[in-house]
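Visitor: Here is how the chains run, residue by residue.
2 protein chains.
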Amino acid sequence: MNKERKKFETPTRRSPFQMLMIYYMAAIALSTILLSLPVSHKPGIDIPFIDIVFTAVSAISVTGLSTISIADSLSTTGIIFLALMMQIGAVGIMAIGTILWVVLGKRIGFKERSMIMTDQNQTHFNGMVQLIKNIIFLLLAVEAAFFIILGIYFMGYYDSVGEAFLQGFFMVISSVTNGGFDITGQSMIPFQSDYFVQIISMVLIIIGAIGYPVIIEIKEYLLHKRKLKKQFHFSLFTKLTTVTFFSLVLVGAFGIYLFDINGFFKGVVWHESFFYALFQSVTTRSGGLATMDLTLLSDTNHLFMSAWMFIGASPSSAGGGIRTTTFALVLIFLFTFIRGGRSVKIFHREVYEVDLNKAVTVTFFAIMVVFSSVIILSYLEPYSLDALIFEVTSAFGTVGLSLGVTGDLTTFSKIILMILMFIGRVGILTFLLVFRRKKDPAKFNYPKERMIIG
Amino acid sequence: MNKERKKFETPTRRSPFQMLMIYYMAAIALSTILLSLPVSHKPGIDIPFIDIVFTAVSAISVTGLSTISIADSLSTTGIIFLALMMQIGAVGIMAIGTILWVVLGKRIGFKERSMIMTDQNQTHFNGMVQLIKNIIFLLLAVEAAFFIILGIYFMGYYDSVGEAFLQGFFMVISSVTNGGFDITGQSMIPFQSDYFVQIISMVLIIIGAIGYPVIIEIKEYLLHKRKLKKQFHFSLFTKLTTVTFFSLVLVGAFGIYLFDINGFFKGVVWHESFFYALFQSVTTRSGGLATMDLTLLSDTNHLFMSAWMFIGASPSSAGGGIRTTTFALVLIFLFTFIRGGRSVKIFHREVYEVDLNKAVTVTFFAIMVVFSSVIILSYLEPYSLDALIFEVTSAFGTVGLSLGVTGDLTTFSKIILMILMFIGRVGILTFLLVFRRKKDPAKFNYPKERMIIG
Ligand SMILES: [K+]
Ligand SMILES: [K+]
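As you go down the protein sequences, you meet chains A and B in turn. Per the numbering used here, the first sequence runs over residues 1 to 454. Per the numbering used here, the second sequence runs over residues 1 to 454.
Bear in mind the hints are in silico, worked out from the structure with no lab data behind them. Be aware that a few hints might be false.
One-sided and incomplete, this derived list gives chain A residues near chain B with beta-carbon spacing under 10 angstroms [stated by the list, open to error]:
1. P48
2. I50
3. S69
4. Y257
5. F259
6. T300
7. F364
8. I367
9. I389
Backbone N, C-alpha and C fix where the C-beta goes; we use that ideal spot for every residue, glycine too.
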């Protein structure tokens with residue numbers, strides 16, 4: 001009753017977390033309709049409904065896992081719809097996430113806020129609309145520039161100018177939104193010796209995955225006058241997330257090479273090995289495009305890449321997973337606690353305890369969700385454990401890399417992957433906070449009592 | 001320099017954690033020597049040194065993983081040595097762990113202390129020696145009673161009285177210490193239809209795994225006069241660990257049955273299914289004996305049982321893993337945080353934050369240790385991922401169940417399993433605390449700054 005009254009009193013007020021969920025659900029519904037239209041399909045192709053929904057969820061969550069071949073099934077119209085969906089999916093969290101970040105900044109006082117945004121001019125705080133416009137404009141500008149570059153460059157690959165620009169258009173969108181879909185029919189494998197295309201794709205993936213607040217701060221820094229540059233402070237968030245991001249890329253590339261040094265990489269020239277390892281590492285951050293057939297890598301590598309996909313991209317980016325900050329905070333928490341420290345410090349800043357609690361909650365919950373999904377899939381499917389772990393973490397990290405089994409999964413398993421993509425995209429925390437009660441139910445304190453741990 | 005001075009001033013003072021480590025290392029060294037003696041081997045049998053060390057570590061950590069067949073390799077003398085080692089291994093943490101618990105109790109004041117030990121008479125606090133004597137006496141009394149029962153009962157199984165009592169002796173020791181070794185050559189499979197033997201073994205395993213403080217409290221409760229029984233309060237620790245322990249047993253049995261309902265359990269009579277599922281669930285707590293060939297279970301079940309072995313037994317018991325309390329605290333922490341609560345409460349008591357931090361640290365560190373081990377083993381070994389995960393968690397949980405690949409592992413993999421058994425037995429926390437710095441290095445505070453999580 002109380003609940004109903006509350007609902008009646010504030011009918012229009014929704015938490016930003018609920019907004020985000022509704023945004024994504026509506027986008028998925030719309031995408032499903034668009035992809036169901038006959039005009040979206042190639043002539044004579046009929047796509048089962050579950051696969052249409054799967055493609056819609058995968059596109060809106062910018063994952064890129066697919067149960068159908070996009071190149072064989074979708075018409076040019078369908079392909080453009082798909083690109084649009086990735087765009088909507090990528091902008092969603094970038095925009096809403098960044099707003100949340102600013103709102104959070106407002107709540108914690110001006111001093112911290114100005115550190116967060118490293119702000120000398122106040123426009124960002126005053127204009128939310130301006131902020132979103134900035135985000136979208138920046139994205140479109142990047143896309144336009146690289147669309148022209150790749151389109152022209154691809155004229156060397158494709159017979160018609162239209163085809164070259166369509167391929168360029170799709171690769172740019174798929175890379176920068178971290179969408180991970182391909183219309184070549186075999187991801188980036190046709191460009192496995194073309195380092196120019198690979199570098200462009202990697203740069204775009206990183207722009208999409210590194211987090212929008214970081215890009216804003218870098219832009220601010222670059223626009224600063226030279227003599228003011230020394231006074232400029234990057235926020236703790238930007239430092240931590242960027243260091244973590246690139247550490248993951250480097251360690252990832254090294255690990256991928258190491259775990260197949262006597263396998264896939266045996267006899268491969270150094271520069272080819274370098275680009276294979278680097279591209280596959282960058283793409284586990286959340287990109288999802290691949291320059292090789294991943295089934296050629298060892299089981300160890302599949303497991304290693306699964307861990308990397310589980311971590312995922314930076315917050316407020318086009319990526320998924322538990323996020324780089326979460327991973328970093330958990331690591332730092334562990335390290336601090338083991339050494340006997342009480343408060344957690346990074347880059348001469350102390351981290352709020354509530355943020356540590358969040359990081360821990362997100363990680364544990366994610367582990368349980370992923371583990372349960374693997375258990376269920378291993379029960380339903382005949383495939384090897386490493387393949388199932390790979391597809392599950394790929395979905396949760398909204399990465400979209402695949403060992404090729406997703407298309408052959410049972411409907412129930414497909415539904416599980418869809419749920420994982422959705423949770424991975426909106427973020428565990430958002431997902432959990434939607435169900436959160438407003439107030440701490442206990443108003444009295446219980447006596448404390450010690451425990452034996454471990 | 002400061003460090004050296006400190007060392008000089010207090011040369012004899014070692015932390016209880018260091019004591020525990022030294023105790024186990026010394027026990028392993030001694031055991032290795034004993035098992036190297038020719039008198040320990042069957043005539044003509046020569047055991048490689050790595051396998052002797054492995055057996056010693058496995059026995060002292062009461063794990064039961066084995067790279068050799070005990071029945072085929074060890075003489076009666078060797079078997080008695082092995083039983084002795086399990087005894088030493090099991091008593092170690094029970095005794096030292098319980099003392100730590102009491103010391104901890106002393107530090108946090110009389111009120112909590114009396115809750116912990118639910119104590120009306122003060123003898124336990126005053127006499128450490130008395131406490132250890134109690135532990136050992138109780139263990140020996142239980143062993144003696146069941147030795148006689150099983151010895152007599154086994155006369156129906158074995159030709160000679162000596163063999164019957166040797167088998168009874170070894171099964172009792174192996175069960176109650178959670179040692180998990182067998183001299184039947186095929187674990188408890190010869191008794192797969194003998195529910196009497198199975199029930200005795202399960203009861204003994206539970207006594208060994210449920211934690212010594214719990215047994216002390218139950219003994220106290222039973223010795224209380226009837227009219228005082230109502231005033232008796234079990235400690236939070238006993239409540240939490242016992243509820244968790246039996247929940248794991250029940251859910252475990254249900255899960256094992258469910259995940260092979262169309263596999264192993266298809267066509268098996270209900271009471272056989274019941275005992276198969278129940279025994280295999282109890283044994284994952286840390287026992288390590290099995291009434292069936294575990295390779296007959298599905299991959300899903302292997303993964304499920306791996307998770308259960310990872311959790312392991314209760315603290316201050318003969319078992320390993322992250323421990324039941326750790327698992328329970330992490331779950332309760334998650335649930336509390338998700339619902340928006342600030343302090344963690346169980347059974348009308350608030351949990352200390354430092355204990356939550358410990359539980360979180362232990363679990364994360366354990367996950368990283370286990371994951372890294374699986375990665376390394378998957379690189380070195382040709383076996384399937386589920387088998388490797390199974391052996392690794394079995395070692396970490398000091399459970400000793402096996403899918404049969406441990407004997408064929410490379411030396412390096414055997415060393416990793418030994419390290420896991422050791423860490424699993426002394427406990428992650430003890431292991432970490434040995435390396436802990438005495439004081440929080442930072443005497444000044446940094447400004448706090450917010451983060452984006454997940
Ligand atoms: K992706
Ligand atoms: K064991």
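Visitor: It remains to establish, for every hint, whether it holds in the given structure.
Guide: Status of each hint after checking the structure:
1. P48: violated (26 angstroms)
2. I50: Since chain B brings no Cβ nearer than about 23 angstroms to A/I50, farther than 10 angstroms, the hint is violated.
3. S69: Nearest chain B Cβ about 28 angstroms off; hint violated.
4. Y257: Violated, because the Cβ-Cβ distance from A/Y257 to chain B comes to roughly 13 angstroms (cut-off 10 angstroms).
5. F259: Holds. Min distance 6 angstroms.
6. T300: holds (4 angstroms)
7. F364: It holds, given that the least Cβ distance between A/F364 and chain B is near 6 angstroms, below 10 angstroms.
8. I367: holds (7 angstroms)
9. I389: Cβ of A/I389 sits 8 angstroms from chain B, so the hint holds.
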